[in-house]
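Q: The chain contents come next:
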Amino acid sequence: MNMLDFEILQNVSYIVASALFIIGIKRLGKESTAVSGNFMSACGMFLAVAVTAVTFVDPMIALIGIVVGALIGSIIALKVKMTSIPEMVALFNGFGGLATYMIAWSEFMNGNLGAAQHVLIMLTIFIGGVTFSGSLIAYGKLAEKISLGKGHVVTNIFVLCLYAALLFLAFSIAIPLLPESMIFSNYFFILLGLTLLAGLGFVLPIGGGDMPVVISLLNSLSGIAAAFAGLLLLNNVLIVAGSLVGASGLILTVIMAKAMNRSLGNILFVGYASASSSSAQAKEQGEVKPITTDDAYLILENASSVLVVPGYGMAVAQAQHVVRELGELLEENGTEVKYGIHPVAGRMPGHMNVLLAEANVSYDLLVEPDDVNPSMDNIDVAIVIGANDVVNPSATEEPGSPIYGMPIVEVHNAKTVFVLKRSMSSGFAGVENPLFFRSNTRMLFGDAKASISALVSEFKD
Amino acid sequence: METLLLLGFILVLSVFLGLELISKVPSTLHTPLMSGANAISGIALVGALVLSTDTQVQSVLAFIAILFASINVFGGYLVTNRMLKMFKKK
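Top line first, the protein sequences correspond to chains A and B.
Heads up, the first sequence is in our numbering, so the first residue is 1 and it goes up one at a time.
Heads up, the second sequence is in our numbering, so the first residue is 1 and it goes up one at a time.
Among these hints, one or two may not hold up.
[Stated by the list, open to error] List time: in silico DSSO-like cross-link candidates among lysine-lysine, alpha-carbon distance up to 30 Å:
# : chain 1 : residue 1 : chain 2 : residue 2
1 : A       : Lys258    : A       : Lys81
2 : B       : Lys24     : A       : Lys30
3 : A       : Lys415    : B       : Lys85
4 : A       : Lys81     : A       : Lys26
5 : A       : Lys81     : B       : Lys85
6 : B       : Lys24     : A       : Lys460
7 : A       : Lys289    : A       : Lys26
8 : A       : Lys150    : B       : Lys24
Think of the hints as simulated: they come from the structure by calculation, not from any bench.
The whole structure should be built from the sequences, with the hints applied where relevant.
A: Right under this line is the structure:
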């Protein structure tokens, strides 16, 4: 086959791959078709990569890179615990960003750039680099390896780097228009470095509780970076796949921000900064009423309906399996069991769904806040497992609270609330939770897994 | 330049398509969807595979890009698949 024919074949394959991506994303949005959607998108990827790889000038480099990358990626993907999925996605996403950063760097070294190419290179470097280093920070925050936050002096230094990088990006883009005297030869390497620092300055000030939204946004950015790289390389499949991810990621980000009743701007630039000074803390808190597992068991045994509301604490304690066991025992006992899932409970949207699915909880038992809130007063016992902000009644009752307006699971309206918690500390948002002091609330202190295991063994006896 | 304009046209259409595709997705699927989209952004692998390797530095850049994009692609698809396989109705 001659070169021209092959190029046609390649482009036809790209069209097929693009169609597979589009259908794949569409099917990923429905439970019944999601697995096949992911598979179709993977087929599209295989096709696009295969018809490109054969043209690579140095087949050994391509082969080794792909094989080693495939091995590392597969091992991580198959070994990772389900509770660590959010940070894994962040890490993979960062790697994609790094690849686009390298692509733009390599193109820059080709020299002889037109004006459009010059601009595209600078933009791709910036977006790809910020995606990379920002994702690493998101990974670190989710894995609880990084605790630096807003206001810390180190964070502030990186935030300054972010501003400096933006200015320098503008300068770099304008280079072809500037007089010779203003251009210094190493500007490109300064941009490379500043960009990576900018990613740190972008994500460091954002609180851990907002990381799900940030990962989604970074995911969108990595798509945009790929689309720009596509314009740079004049490669249509990169443009289609990249902008699909960029746009759908942005929509997903907005959906998630809405679930927290906050705007994207508020999450990125404001945060829960005012939380500590809010009026909620000054108020009379009332009394905390602890309960033992024996007493909790007696109440549960007589309950006719139970709502389980899990949060990040369930993930940390790896309690999803004992939770399922408790649910089954309650059902055998004639109790109606439902799981109230807040869309942003945990550190990733749908995080709780994934964990409960892992533990084999049928997903028709999972209900969203809107479905369960109207009938909350019929619930005998609501068991809150390691959730905090998503069940904080301040969100509906205290206009001064930083989380006021956020939709919550209104467990405070249930007849009895059990709160399983390790200590009295506040949630990720740093907001006091008056739920703990309510007259119908009983605190079951200790590790969630141990507490539930104790309940399970009481049921078995 | 003409090619670039045509490709810009494709970009705009794809953006609108992407905005339309994800409108009513149950929150259960948010994580797998994000993870699946993340795998697609590994398409940068195709970009990495057309890079030049004229100089040593460029060879290194191309290799790193291929390596990391491959991790993104394989890891992304597998982890998404693993998650989705767990959503079963009893």
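Q: Look at each hint and say if it fits the structure.
A: Hints and how they fare:
1. A:Lys258 - A:Lys81: holds (28 Å)
2. B:Lys24 - A:Lys30: holds (9 Å)
3. A:Lys415 - B:Lys85: violated (36 Å)
4. A:Lys81 - A:Lys26: Holds, at roughly 27 Å.
5. A:Lys81 - B:Lys85: Within the cut-off at roughly 15 Å; holds.
6. B:Lys24 - A:Lys460: violated (42 Å)
7. A:Lys289 - A:Lys26: violated (49 Å)
8. A:Lys150 - B:Lys24: violated (34 Å)
Consistency with the previously given hints fails for numbers 3, 6, 7 and 8, ordered from lowest to highest.
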